[in-house]
Every structure is written in C-alpha cells, then in structure tokens.
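Chemist: Each protein sequence line maps, in turn, to chains C and L. Heads up: the first sequence at position 35 corresponds to 35 in the working numbering, and the numbers run straight through without jumps. Heads up: the second sequence at position 65 corresponds to 1065 in the working numbering, and the numbers run straight through without jumps.
Derived by calculation from the structure, the hints in this document are not laboratory data. The hints are all genuine.
Straight-line Cα separation of at most 20 angstroms, SDA-like style, residue types lysine to any residue; simulated pairs:
no.: 1; chain 1: C; residue 1: Lys35; chain 2: L; residue 2: Ile1386
no.: 2; chain 1: C; residue 1: Lys49; chain 2: C; residue 2: Pro24
no.: 3; chain 1: C; residue 1: Lys35; chain 2: C; residue 2: Ala68
no.: 4; chain 1: L; residue 1: Lys1060; chain 2: L; residue 2: Arg1022
no.: 5; chain 1: L; residue 1: Lys1035; chain 2: C; residue 2: Thr392
no.: 6; chain 1: L; residue 1: Lys1349; chain 2: C; residue 2: Arg111
Footprint (simulated), chain L over chain C, 3 or more residues, beta carbon under 8 angstroms:
no.: 7; region: 278–290
no.: 8; region: 321–333
no.: 9; region: 381–391
Short, incomplete list of chain C residues facing chain L, as computed with Cβ under 10 angstroms:
no.: 10; residue: Ser164
no.: 11; residue: Met346
no.: 12; residue: Asp424
From the three backbone atoms N, C-alpha and C, an ideal C-beta is built for every residue, glycine too.
Protein chains: 2
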Amino acid sequence: MNTTDISTFFYPRGVVLVGARRTPGFGFGVPMMFKEKGWDDRLYLVNPKGGEMHGMHVYKRVSEVPDALDLAIVIVPAPSVPGVLEELGSKGIRHVIIESAGFAETGDKGRVLQDEVKRILLKHGMRAIGPNCVGIVNTDNSFTTTETIEEAFTPGNVAIIAQSGVFGNILLDKLHLRGVFISKAVTLGNRIDVNEIEMLDYFHQDKATRLVMMYLEGAADGKRLTDALSKISIDKPVLVLKSGRTPQGMAATVSHTGSLSGEDSLYAGMFVQTGVTRVESLDELVEFTGVFASQPLPKGPRLGIVTGSGSMGALATDTAITSGLEVPPPSLSVVDEIKKSAPEWMNVKNPLDVGPSGLFKEALSAMVKDPEIDMVMAILTFPHKIFREFLTIGIDMQDMYGHIDAIGKLSPDKPLVVCVVGHDEFSSYISESAGPDIPVLHSPEMTVKALAALWRYSQWKKKILG
Amino acid sequence: MNTTDISTFFYPRGVVLVGARRTPGFGFGVPMMFKEKGWDDRLYLVNPKGGEMHGMHVYKRVSEVPDALDLAIVIVPAPSVPGVLEELGSKGIRHVIIESAGFAETGDKGRVLQDEVKRILLKHGMRAIGPNCVGIVNTDNSFTTTETIEEAFTPGNVAIIAQSGVFGNILLDKLHLRGVFISKAVTLGNRIDVNEIEMLDYFHQDKATRLVMMYLEGAADGKRLTDALSKISIDKPVLVLKSGRTPQGMAATVSHTGSLSGEDSLYAGMFVQTGVTRVESLDELVEFTGVFASQPLPKGPRLGIVTGSGSMGALATDTAITSGLEVPPPSLSVVDEIKKSAPEWMNVKNPLDVGPSGLFKEALSAMVKDPEIDMVMAILTFPHKIFREFLTIGIDMQDMYGHIDAIGKLSPDKPLVVCVVGHDEFSSYISESAGPDIPVLHSPEMTVKALAALWRYSQWKKKILG
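Next comes chain C alone, as it looks inside the complex (with noise of 0.2 angstroms):
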C-alpha cells in the first residue's frame, strides 16, 4: 500500500453511509455532524427504510446511490457487514471505514465474522479501517466520521493514532483543554487492513503532522513496527502510550480490540531503540505531547528553574536529578546581573527562587539567555486570594510575570515551559496570557519529566544523524 491509498480515508470526495438511523447513536449523530461541517452535499446515506433525515434523502440501498463516491463508512449490526461490502465492493468503492463493533474483540463467533469480512475485503481489493472503531479525524479540511466537539477542529501539528475508538474520542475531548491541537486523527480498532505501521508512514509525509501520539495495545507486525518508527523519528517524534505491560492488562487487551500484546519488555527495548518516547500514563502522554508539540529540542540536559515558591523548587530539582537532567548554578555573568537589582535575602542560584522580591521577569530573562542553561522552567504560584484583589484593582499580572512568549524569544531554540500551581482560575489566567508558544503545565514533576523527555529524543536523534 502506498500513502495515497490512505490519503483517499483522510480526503475523500463522496462518501456513502451505510446504517443511517433516526434513532440516538452514531448512524443518527455523524450524518448531522456531516452536515455542521458542511460535508452534507457529499454525502449520501443508506438504510433499507429509505426517506428523509436531517434534511438529506436516504437511499434504500447502496447500488442507488451515485457515482462520485470514493469512501463508505459502514455503522450497521456486525452480522450485516458482510452483505454490505459486498455492495460497496460491487459499486467499485475501494475505501471503507467499518465502525460497528462485534467481531474479533468478542470472542471465537466474532472472529469467524471477521475472517469472513477480510475474505470479502481481499476480493474487492477494498482498504479497510476497523472494525470497532470510529474512523478518522481530519482538521485540514474539516473531514469526521465521529461526533467531534467544535473546539478539536482547530488545525494542530499533532497526529494522533489510536487503537480504541472510545480512546481517539476522550483524546479529542481533552487536548484543547490543553492547548494542544490535531493535524489528524485515526482510531484503528480491530486491525482488519490499515493498522498503526502504515498510518506512521502516512504521518510521516503528512505536511501538516509535526509529531504523532499513539495508543496501543499491541504491534501488528513487530518488525515493520520497529521500521516504521525508526523512521519517522528521525524527522518527527512519536510519543506512545502502551498498555498491556502486565499479562493481566494484556488479558485486558484481548478482548477489547483483539490484539495480542507480546511481551512488555520487548517493546521496551524496541522503543529505546527507535527513539520512541514511551509514557507512563494517560497525563503524559497528553502533557508530554504539549511540550514536544511547542517547544524546540534542548541542546544539552541543563535545566533552568525559576520559581516564587522554595518547595516547587526543590520538587522539580529532585524530578530533575532523577530524570537525568542537571541543576547547575546560572553562569557568573547572569548572577552578576541579578544581583545588582535583587535583595540581600535572595539567593542567586538554580533553583531560582525569587521570592517576594517582585524579580520574576528579570531572573526568568536571565536564564532563559544563560548560554550555560539548555531548557528553562518558569514556576508560578501566587495565593489566590490576592490574585482575585489585584484583578478587582485593575493590577496586571504581567507586570509580575512578564510576557512570558516575549522572554521565550530571547533564546528561541531553547526550550521555555511554564509550570502553574494553584488555583484553576489562576492558571486559566496564566495559560491565555502565555500565548500559544509557552506550554503551560500544573505539575513540577509532571513539567520535569516532559523536559527530560524531550532532552533523551534529542540525544537519541543526535547520535543517529551522528
């Protein structure tokens, strides 16, 4: 297969939906979300009761529907599928996104139905996504075959992959919530044809991808997963989430989309080998993703930390220490430089801890000059109480912070991200001010590790381009 063929999921020009229903579920909310997203003047749906539905005719079988269609999205009962392609197969239509669930996931009787699809599929010479999924994701051009929130159609550079659909969907839910936003996305399901290997290949000549995150369960192929990865990474990272990594979560696996997971430690080492950033959890990967999403890749492991608070300090020195980072003292010319405006109490070293001396812009421009500090951390905490006073008098937060996207551009090839600590009002606050640039995080350790993070991919991409 060669990426056009995948490009017809991402870039359709007429689309079929099979299992159009006026009852609630997916047959009833993507042919309306179709028409939100202005997708309804190339669409065409079927269900043998035919009439009407959100204002669009419905046809009472495939073989009626025109021509100029080159994807169907199929949503009826598993048993139904099989007679379904074989419409579509006899229609000429190549490309199918199989959504209904019920097959391999379910055990021995869905398994022969799936065999039963892949046979009618082979025939057809028909490309597949699915089953047991929920399709694909396309910001560039507004394209969706799931209920999708307005908000996650803000273009983005990430690309998501997903074996659950239910997965695709709370990633989708969350991100912007996040400031992270999607180029596109692709749940996979149980694997029928398109699996993770070609979609990395995809993502990897997709212009408007810059990094991919992943969920999964287990490789379709370890070897061309191993290919594939080692790859992409060269040119983008890929941040995974795996589940599976004990043979209970594997069990767990099986009979959610079929897959069958190997053992962890394989993928461990396969993952340090090709670069992959592996997450620990579901926050990670949506964190971690913020980070190598905005940010360029540090040049060596130096952290810069700069605080109002001694004990985020030190928690992010630890996390640091233990991720593999270093914590030196800012160069003599920077604590030349602060100390002239700073208070006698104040210590001038990193952590930078600058206290109530009113010096949060002045340390934090600093640092982020340092030619001795590689990636920087701005820690901000303010007692919420005197936030909502100095709101109500009018007082600008940024003439405590600075603008934070300013000082970032300083050093543009280093590394800037904000950790906020508090109050959710206050980091709403934060996070709009800081712009889109300035990843803006809620956790010291969470921030350390995404840095530290960032800091191995770019080591790991040093030593392969040597």
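Model the placement of chain L on the given structure of chain C, informed by the hints.
Modeler: Same frame as chain C, now just chain L:
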C-alpha cells in the same frame, strides 16, 4: 509542650497584629481577612505611625493595646523582629506567629538574627510558629493568619502541615477543587520552635481531623518524628510529600526553610516502618488525600474495575498489578447476574467493559456487592459532543451511570472511587452528581495508585494491631 499550648495558636481569645500597613502586602491583607471572617472585634493592630485602617484603630506600640489577648502575629521586617518580641514578651503574650522572612533561610547573617530571636523567646517563655511562614488556618472558627480564599473555609477532615508558607497557600487554593476540605492547616517555616512533631501530636488529638497531609523538607528530629508518626498512624493516616530526595534537591531546601534534609533512604525506611503514605508528587498528595479522606479501608487487595472504555480498563489493570493489587474475575454469582441482561458481545470479566450496553449502573452495583472484590473503581468516559446533545434534549446521565453515591452505599465498608476521563465539563458534571462521599479523579493510573496506597496503609494497620 502539651497540646493546650498549640491550641492557643488555633483558638486565640484575642490577637495583636504587629506590622499593619496601608500598602499592599500581608500587613494590609491579613487585617482585612480578620474583618471578613468576623474576627476584627478581637484584633488589635500595631504600627508606629498609628491612625486607623479598615475602620480599626491602629496602636502605635504593643504596650498600648489592651490585655485580653493571647496571640501575636508579627509581620515586620526581619531586623525589627527581636525588638517586637521583647515588647510582646513584656506584655505577657506567650504565643507568637512570626511571618517575617529573612532569617536562617537567607544565610549566615539571617542565622545570627534567628538565634537572637530564639534567645528572646526562651527568655520570655514564649512559643512561636515561624519565622518565614504564613501561620495557621482553622475552619472550625474561621480563624486564619493569612489571606485565604472563601472556598477553603468549608470545614473538612484533613489537616495540613507544611514547612513552606507558599506550599500551604497552594494547597488551600487547590484542594477544594478536588473535593478535599480541611480541618486545620499550619505552615511552620524555619521551625524556630514549633515543629511537625508537635503538630502531629496535636492533630492526633484534634477531633475534627481524620487524616494529615504533610509537606516536609527535613525532619526537625528524626527519632521523635518516628515516634510521633508511629503513634498517629495507628488512628489517622499521614500522607507525606518530601523534597530533598537528591543532593541537589536537598541543597535547594537549605536556602528555602533552612532545613537539613538528611539521607533520603533513611526517610524511605522510616516512612514504611511508621505506616506513612509517601507520595511521589504534588498531584499524588492532593489526589490520594481525596481518596483517604472519604473512603473506608479495603479488607483485601482485590480491585474490581467497571468501565465504558476497554483501553482505560487495560491501563488501570496494568497499574493495579504493578502497584501490588489484584484484578481477579468477578465471583460466579455476579457473572451470572450480569449475563442475564448483557448482550452477547459483552465479556463479563474484570475489568468489566460494558461498552455501549447501557448496563453501567447494573454492572457497577453487582461489582460493589461482590464479596470477592475488596474495592471498586468506576471509569466514566463519554464522547463530549454526544454529552452536550444529551444535556440539550434533557437526558439525565444518571440514567446511564446511576446514582453512584447510592450504589456505593450498597457496600458502605468497601472503597468506591470514580475516574472520569474526557472533557472538563463532563468531569464537573459527574463530580457534582457523585456527591461529596465519592472521590472523583481524572487519571486511571492515579486512581489505582491511590487505592493501592489505601490498601498498603490498611495492611500496615492490621499488622500493627495484630
């Protein structure tokens, strides 16, 4: 010292605040706070300039204020602290909270000043919290010596001990958002006198406190801390976040509250021995506390997982196994009960993935009642686009998830925790409908780790009590 001494800090009859100011800062904000909470009739302000402030008379010196007071709050620049303490001592005030910074945490000069303060305290037989702190909060009588948001005054069962004032403030700003409410809080700063050991003893006796969360940089006295923790842990769980795990992190704490942290491995062993739950991050401190504060202790390690997402179930299972829990199959009677109404495709096992069966509440009830399950985790996920549509047409999500609070009461002695993953609006909706007795977390891995910690504490307690 006995706990009566400590009690005066939380339940004073009258308070003198030295360092009242008309310019922004604690000297301005704390008096306003007293007024807001109805404490202004027991507050006397002191500033050499005299006059009036927030409608209250300002005395020019300590000697002028009436005698009916037993607690002083000192918010003057560090060099003025010794003189103020002499005046307070002469006035017969025996309890003082020194909020001023600029002592041992700043270096040698500050250390000398702190020693002078110590001599004065001893001379007058005064007890002191601080310096370099923000003092205390008591939700029982709405007494606070720092600027505290209204949301933090809801009385709860969690006591906070923090070395750092900023850290204490951060917790007060955050906790209510996670459904955690406090009984009392204390920030100890440089611990010139009162330390975490005495506070543990005090909270051990305090009726309003059911558990203690603590941020520690280093023990004031390792041997006595071990004793205090051993004692309180039998009755009330203690959760500790300790910084200074690495030499670099340790160095950061020295300049922060002037602590010497000591070897981390010693602490690690001591925490295990005394039944303390040591957390690895600020997030864990907050989320674990929510679970410990509301849930009974599990009788065994068997976790039941009910989920609408197979991937979340697999991730939770992996974490359960690596955290020392078990995820056994449900008992046969429970399997039979669920199978009666389950569709053919549904695998009735553990994790119990109900998919789109609509059987979430039935499955959760059955798992909660299962005698072969010791604790239950409900994972709720829902495509947010559809959630919004449901809200619009008036569909109640409780039709789907049931009254989780009521389901929990089917086995009131068994922990039940909800994990919601997805859009923040959905999370908030579920948090509200779950009620105050069911903790709602947002990460499958974190939820499982909290339950595993609860089980470890339960085991420790059983072993100690024999």
